[in-house]
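Participant: Place chain G on chain P using the hints.
Heads up: the sequence lines are chains P and G, in that order.
Counting in our numbering, the first sequence runs from 13 upward without gaps.
Counting in our numbering, the second sequence runs from 349 upward without gaps.
Where hints are given, some of them may not hold.
Covered by chain G, according to a simulated footprint, are these stretches of chain P (three or more residues, beta-carbon under 8 angstroms) [claimed, not checked]: (1) 58-69; (2) 74-83; (3) 87-100; (4) 105-118.
Restraint ranges, calculated between C-beta atoms of paired labels, are given here [claimed, not checked]: (5) P:Asn79 to G:Phe627: 43 to 49 angstroms; (6) P:Thr93 to G:Tyr624: 16 to 22 angstroms; (7) P:Arg117 to G:Tyr624: 43 to 49 angstroms; (8) P:Arg16 to G:Leu496: 43 to 49 angstroms; (9) P:Asn49 to G:Pro412: 54 to 60 angstroms; (10) P:Ala173 to G:Phe625: 28 to 34 angstroms; (11) G:Phe614 to P:Asp208: 48 to 54 angstroms; (12) G:Arg384 to P:Gly243: 33 to 39 angstroms; (13) G:Phe625 to P:Arg117: 41 to 47 angstroms; (14) P:Gly243 to G:Phe500: 48 to 54 angstroms.
In short, the hints are calculated from the structure, not lab data.
Idealized CB from N, CA, C, for every residue including glycine.
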Amino acid sequence: MTIRLYNLSAGYDRHPVVHHVDCSFTDTSLTAVVGPNGGGKSTLLKTISGLVPLMTGKIDFGDIKPNEIAYLPQQFEIDRTFPISVLGVVMLGLWPRIGAWGRIRKSHKNEALQALEQVDMVTFAQRPVIALSTGQWQRVLFARLILQRARLILLDEPFAAIDGHTTLDLMLELKHWRQEGVTIICVMHDLHLVRDHFPQAIVLARDLVAWGDTNDALCRENLDRALCLAGKWTNSAEMCETNGEKNHWYDH
Amino acid sequence: MTIDFFGDPAMKRALIGAVLVSLSSVPLGVFLVLRRMSLIGDIMAHAILPGVAVAFIMYGMSIPAMSIGGLIAGLTIALLAGLVSRVTVLHEDASFAALYMIAVAAGVMMIALNGSPQDLEDILFGDAKSLNDHLLYLMATVSGVTLLTLVFIYRMLVVESFDPVFLRSVGGKSWLVHAIFLTLTVLNMVESYRAMGTLMSAGLMLVPAIAAQFWAQSLRAMLVISMFMAITGVFTGLIIAFTYNVPSGPAIILIIGGFYLLSLLFGRFGSVRARYFPFPHLSQ
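Looking at chain P on its own, in the form it has when it is part of the complex (with noise of 0.2 angstroms):
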């Protein structure tokens, strides 16, 4: 099944930050979301884990129900001086299965002990998370997206300040995931690891400059016109009349 986005918008307080975006994802493909800074990647993610809604377009799923997605915030999202263990942050990814309620068993703590041990990262498993350095919170909370055995993964930025070691260990888990029937999709700076590890790749400036095969869509003339619709971005933004919609501004 793929996934596809048709004329989607999304963003904060009616500024658009994705605008009219039409691409999909097909089953088991690796892209990589890349952009400038405020060029609505984040949003993009954001938009299609159900986080933040939709002011324009649809997203179709095929068969992948809500609790198949998981989705990865940037690091700094999550306090990490909470008084929580590592296996106590890895077993958070049950909840798709077992909710507020149901009872954690046995088989579900070794489970979680094993995806420590698929990152490298199972002799923490008692430590406090506070403990961890950037490297090792990213391991973990990798850990923690094995429990949800998600069929759509979402990850913003997984490898922002994490050294080159970590990233091919950690690549190596998205590769593992795609041959287990996983779509991924994944916001990056690094175009070097764009190119050398992402198939698919979508350049995204609020509006979409180009989808495809990672070597087409980054080439030169993309990545600049990227660039020059990041300079021109302003406060003062006018009603949209895309796709002959007068006054949708206010949709927005």
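Facilitator: The following block gives chain G in isolation, referenced to the frame of chain P:
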């Protein structure tokens, strides 16, 4: 000496009441602190005062009327708090600080104009000696309901406090958990104002939780330690209040405040001691 205290029925009631209050207030306080809402909790507690004062003017020292008045005022502020933090992101602490000063000033003025200095002192600082059986039943009910609700929403509340985006991304009702939590908080502040006073009720919630942070890195340990501090503080504070005939709220808070100072200086994690005289480091 202590046998005297426990033989005194007023003292016994005061102790039972204060322990009941602690049982439900302290866990709420732990979550308030972890959710970085200590200040908002403090403000909500103070905002109960004008509601209590209006009821006092209309119905005199009537506990049910004053409780309902306090509840209405507290819930209004809780609602306002939610609204302000959503609508205006900036300077919410400043606008709240102003709000609660005004609430306290208005409440004090209303009671001072319509009651005796003793009324004012009882409302502001608590009068644990005046707890009767009806009140104790009421307190037991509030504590029981609070604890049951907390058990019921525990997992959601933990996730909502630690990683609200995750809860929302897996379809959890983040706002509902928040609303239930705030309602419980106000309910408990109203419950405790007879024993602790409107000015001190937030203290019993927040100070043990803040002190426990210096000793615990797991939620369970934090809950246990803060509960221990609160109940020890309540016992000691009440004995002092009865012995020297001083208001119960400040007596209890001063004892728990002592625990806080000791924790700040000598606690296991993040204290002055841990900063300047750390334990020898481990091999890894």
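Participant: CB of Asn79 of chain P to CB of Phe627 of chain G, is that within 43 to 49 angstroms?
Facilitator: holds, 45 angstroms
Participant: Evaluate the given range 43 to 49 angstroms for the C-beta pair formed by Arg16 of chain P and Leu496 of chain G.
Facilitator: holds, 46 angstroms
Participant: Against chain G, does the region 74-83 of chain P show at least 3 residues with beta-carbon separation below 8 angstroms?
Facilitator: holds (count 5)
Participant: A range of 48 to 54 angstroms was offered for this pair. Does it hold for the Cβ distance of Phe614 of chain G and Asp208 of chain P?
Facilitator: holds, 52 angstroms
Participant: Can you tell me if the region 105-118 of chain P counts as covered by chain G, using C-beta to C-beta distances under 8 angstroms and a minimum of three residues?
Facilitator: holds (count 4)
Participant: Using the beta carbons of Gly243 of chain P and Phe500 of chain G, state whether their distance is inside 48 to 54 angstroms or not.
Facilitator: holds, 53 angstroms
Participant: If you look at each residue in the region 58-69 of chain P, do at least three have a Cβ nearer than 8 angstroms to any Cβ of chain G?
Facilitator: With 3 residues close enough to chain G, the hint holds.
Participant: Given a hint of 33 to 39 angstroms, does the C-beta separation of Arg384 of chain G and Gly243 of chain P actually sit inside it?
Facilitator: holds, 37 angstroms
Participant: So is the region 87-100 of chain P in contact with chain G by the C-beta rule, three or more residues under 8 angstroms, or is the coverage claim wrong?
Facilitator: Since three or more residues must qualify, the claim that chain G covers the region 87-100 of chain P holds, with 7 doing so at under 8 angstroms.
Participant: Do Asn49 of chain P and Pro412 of chain G keep their Cβ atoms within the hinted range of 54 to 60 angstroms?
Facilitator: Given a distance of about 57 angstroms, which is inside 54 to 60 angstroms, the answer is holds.
Participant: Evaluate the given range 16 to 22 angstroms for the C-beta pair formed by Thr93 of chain P and Tyr624 of chain G.
Facilitator: holds, 21 angstroms
Participant: Taking 41 to 47 angstroms as the stated bounds, is the beta-carbon spacing between Phe625 of chain G and Arg117 of chain P within them?
Facilitator: For Arg117 of chain P against Phe625 of chain G, whose Cβ atoms are near 44 angstroms apart, the range 41 to 47 angstroms holds.
In this structure, every one of the numbered hints holds.
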